[in-house]
Amino acid sequence: MVSPVNEKESLIAIEDVCYDYGHGSVLKQVSFPINSGDFLAIIGPNGSGKTTLLKIILGLLKPTEGKVRIMGKLVGEFSEWQKIGYVPQKVTHIDSFFPASVREVVAMGILSAQRFPRFAKGEDDSILKALQQVEMEKYLNRRIGSLSAGQQQRVFIARAIANQPKILILDEPTTGVDARTQGHFYDMLHHLNQKEKITIVLVTHEIGIMNRHINQVACLNQKLTYHGTHEEFCRSEEFRKMLADGHHLISHRH
Amino acid sequence: MEAFFAYGFLQRALLAGVFIAIACALLGVFLILRRDAMIGHGLAHVTFAGVALGLFLNYMPLVMAMAIAVGASLIIMKLKNMAGLHGDTAIAIFSSVGFALGVILVTLSQSFNVDLFSYLFGEILAIEPSEVWFSIILAGVVLSLVVVNYHKFMYMTFDRESAKASGIKVNRLDTLLTILTAVTIVLGMKVVGILLVSALVVIPAAAGLQIASNFRQAMLLSTAVSTISVVLGLLFAFILDLPASGSIVLLSFLFFGLIFGFKRITR
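Line by line, the protein sequences are chains A and B. Numbered according to the numbering used here, the first sequence spans residues 26 to 279. Numbered according to the numbering used here, the second sequence spans residues 5 to 271.
In isolation and in its complexed conformation, chain B is listed as follows (with noise of 0.2 Å):
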C-alpha cells in the first residue's frame, strides 16, 4: 500500500482520474435524466476518428479528439433539434460515422501500433505531468461550469418549458452542457479509454439516482461511486496487475449492483 503512494506516476493517475472522475459523475446524472445516456458512447466513437485524426497528421491525438468531440456534439445537438430525428438516432449515425472515418484514417496511417490501443483502452497509468494538468485545468473548468449552472440545468432538465417560460436561455445552457459532455469524455479517454468512457460517466450516475431522495445526493452519490471506483481500480490493478480501466468500470459497476440489491431489499 505504501508503494502505492510512492509511485509518481500512480500519484499522477490519481490526482487526474479523481478529477476527470468527478466531471464525469456530475454530468452523468443529468445526461442520464435527461435521456441523454447514449450520448456519451456516441462521442467516444466520435473521439476515435479525433484520435486517428491527430495519429494520422503526428499532431497532438488528444487535442484533435477534444476538437472532433465538441464539434461533432454542437452537430449532434442541431440534427436532434432541427432534423425532427427520433431520440438517439443523430448519436447512432455520429457513432458510426465516426467509427467508420477513424477506421479508414489508422488504416492509412498504419498506426495500429501501442499509441492507438493506449486511446482505445485507456493508460492512466502512463499519464504525462502535462496531461495530468491538462486534465485538471480541464476537469476543473467542467467542475467550475457545473456547479455555478447548477439550478439552471437541474430545472430545464426537470421542466423545460418552465424553465424557459422563466427566462432561463434554455438553448444557450444545451450547447454549453453538450460542449461539457464532449470534453469530459476525451478527458475520460485518458483514464479508461475509448470504448469504456461512456461507463464512467453512466454507471456512478444510474448508481446515485438508484437510491437519492433529493438532487443533491444524486449528485453525491454518483460522485462517491465514481471516485472510488476510480481510486480501488487503480489500486487493484497495481497490486494484482490488472488493466486499470477493465478494474475501474467493473467496480463501478459491482457498486452499481451493490446499491441495487440494497435498494431491493429495503424497499
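For reference, chain A alone in the conformation it holds in the complex (with noise of 0.2 Å):
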C-alpha cells in the first residue's frame, strides 16, 4: 500500500524521488507525504536509501529526479531551516576531547541561527527549556565528551528542539543505546509529538523499534514498498516478509 503525496496537508512533500551516488540507483521514485502530528518511522534494510532520503529531506544531497516541499516550498528555496531539528546518525562518533559543554551544544543550535548572537535575549531560558524536556539540565556545565551516548543522543534532541521545531529528525537515534534507556527515549519522543506537537521522522534499519508510541510507517528498499499507519503495518504482508527476512521485534513496554 503506498499512498498518494497530499501537498495540503503534508509538511513535507516528497515527490518522485531518485538518487543515485554514480554506481547504481539508491532511491527508485519514491513518494510520501509527511503530515503534521506524524510520528513517522522509516524502516528498511542497510543501503535501502533511507539516510540518503533523509539527507535529501535536509537539502545536503539533491535528487538527482523528482523533488522534496517543506511547507510547501522546494528544499532549494526553503529557508527556514531552525523549524527542522536534525539529530545525526554518527553522534557516537563525535570527538570526545572536543571542548564543548551541555550548555555550549544547545547553544549552538538557537545561537547559529541569528545574526549577532551576542547580543541575543532569552537564550539561557531556551537552553534549560529544551534540556529539562530530555531531563539532562542537571548535566548543563558537563563536557559532552564525558556523557554515556544516551546522554549525549538527549542533549543532541535538546539542541535540535531548542528552537522549537515542528520537524524532529532523527538518523538511527538508538545506536549504541541499550535496551532499556531506548525504552525511555521512545516515552521521550511520544512527550514531544503529544505534548509539544512536534512531528517526528525516525529512521532505522531494525523493525524492532516499532511501539505504540508511533502511529505512520514507511518502508524503504531503494522503492517504497509500503506507507501507512502502525496498525496496518503490522497485519500486512510487508511486515510479514520482514520477519521472514530476519528481522526482529523488540516489544517495549509502556
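It should be emphasised that the hints constitute simulated quantities derived from the structure, not laboratory data. Small disclaimer: the values here were computed from a predicted structure and weren't measured.
With a straight-line Cα cutoff of 27 Å, these simulated BS3-like cross-link-like pairs (lysine-lysine) come out:
#, chain 1, residue 1, chain 2, residue 2
1, A, K98, A, K53
2, B, K267, A, K163
3, A, K53, A, K92
4, A, K87, B, K82
5, A, K163, A, K220
6, B, K173, A, K98
7, A, K266, A, K53
8, A, K87, A, K98
9, A, K80, B, K82
10, A, K266, A, K248
11, B, K173, A, K80
12, A, K92, A, K108
13, A, K108, A, K98
14, A, K191, B, K173
15, B, K84, A, K80
16, A, K154, A, K222
17, A, K53, A, K248
18, B, K173, B, K84
19, A, K191, A, K163
20, A, K87, A, K191
21, B, K173, A, K92
22, A, K87, B, K173
23, A, K191, A, K222
24, B, K84, A, K87
25, A, K87, A, K108
26, A, K191, A, K80
27, A, K248, A, K92
28, A, K154, A, K108
29, A, K80, A, K53
30, B, K173, A, K108
31, A, K53, A, K87
32, B, K173, B, K82
33, A, K98, A, K191
Here are the in silico distance ranges between beta carbons for each label pair:
#, chain 1, residue 1, chain 2, residue 2, range
34, B, S148, A, Q219, 42 to 52 Å
35, B, K173, A, G170, 21 to 31 Å
36, A, D203, B, S148, 41 to 51 Å
37, A, L165, B, P133, 43 to 53 Å
38, B, Q114, A, E148, 53 to 63 Å
Glycine included, each C-beta is placed from N, C-alpha and C at the ideal position.
Given two chains presented individually in distinct reference frames, assemble the corresponding complex, making use of the accompanying hints.
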C-alpha cells in the first residue's frame, strides 16, 4: 500500500525522488507525504536508501530526479531551517575531547541561527527548557565527551528542539544505546510528539523500534514498499516479509 | 622595566604583537579541532614565496605575501574538497612548492640579505608605525569576524553535518576561515617570522585545549597563553638581548609544558 502525495496536509512532500551515487540507483521514484503530527518511522534494511532520503529532505544532497517540498516550498528555496531539528546518525562518533559543555552544544542550535548572537536575549531559558524536556538539565555544565552515548543522544535532541521546531528528524537515534534506555528514549519522543506537537521522523534499519507510539510507517528498499499506519503495517504482507527475512521485533512496554 | 615601556619601538611591538597573538590563538583553536593545524605551517611556506616575489619585484613584500597566501589557502581548500586528497596532502604539496618557488625567486633577485632574514625570523622590534596600524586593523578585522561567527564556526567544527542541516552556509564559512587563517599567518610572520609562525597559531591553542572544560574557556586560555608569551617574550628579548621570535615561541612551549604537567598531576 503506497499512499499518494497530498501537498495540502503535508509538512513535507516527497515527490518521485530518485538518487544515484554513480554506481546504481539508491532511491527509485519514492513518493510519500509527512503530515503534521506524524510520528513516522522510515524503516528498511542497510543500504535501502533511508539516510540518503533524509539527506535529500535536509538539502544535504540534491535528488537526481524528483523534488521535495517543505512546508510548500522546494528544498532549494526553503530558508526556515530552524523549524527543522536534526539529530544525525553518528553522534557516538563525536570527538570526545572536544571542549564543549552541554550548554554550549545546545546553544549551537539557537545562536547559530541568529545574525548577531552576542546580543540574543532569553537564550539561557531556551537552553534550560530544551534540556528539561529531555531530562538533562542537571548536566548543563558537563563536558559533552564525558557523557554516555544515551545521554549525548538526549543532548543532541535538546539542541535539535531548542529552536522549537515543527519537525524533528532523527537518523538511527538508538545506535549504541541499551534496550532499557531505548524505552525511555521513545517515551521522551512520544512526549515531544503529543505534548509539544512536534512531528517526528525517525529512520532505523530495525523494525524492533516499532512500538505503540509510532503512528506511521514508511518501508524503503530503494523503492517505497509500504506507507501507512503502524497498525496496518503490523498486519501487512510487508511486515511478514521483513520478519521472514530475519528482522526481529522488540516489544517495548509502556 | 621602565626603560622597556619608554622605547617607542617596544610599545609598537607590544601593541601589534598582542593583537596578532590574540588572532592567532583564536583561529588556532578552530584549526586544531578541525584537524587543520598543519595549514599554518603550509601557508607560512607559501608566504615565503610571496615575500620572495615582493623582494624580486621590489614591491611591498607584505602585501604580496598576503595575496599569495590568501590565493594559496583557497586553492588548498578546493584541492582538499575536490581532488579527494587524503589528510594534509594538499598542504604538504603547497608547502613544498611555495618554498621551492621562494628559493628560486630569492636566488634570481639575489636578495639573501637582511630584509629576507627579517621575514624568515621575524622583526617585531623593528616594526614600522605604518605596519603597526596595518597589523592592528587587519587583526581587528580577523577578531571581529571570529566573534560574529563564533557560534557558527563552533557548530560546524563540532558537527559539520548538523550545522549544514540547520541552514549554516558551511562552505562559505570554510572559505572565510581559510582566508582569515592566511591573513593571520602573514601578520604572525611580522612577530615571529615565517619559520616560527605556525607555532604561534598551534602551541597556545594546544595549551588551552589541554585543560579547558568548555569552548569559551579554551578560547580564553589560548588567548592568555599567546598574549603572555608575546609580552614576556619581548621583555626577555629586550633584557637578555635574545631574538624576540625565539623567546616568544619557547615561552609559549613552556606554558604548554606547564599546563600539560598540571593536567597530569591533577587528573
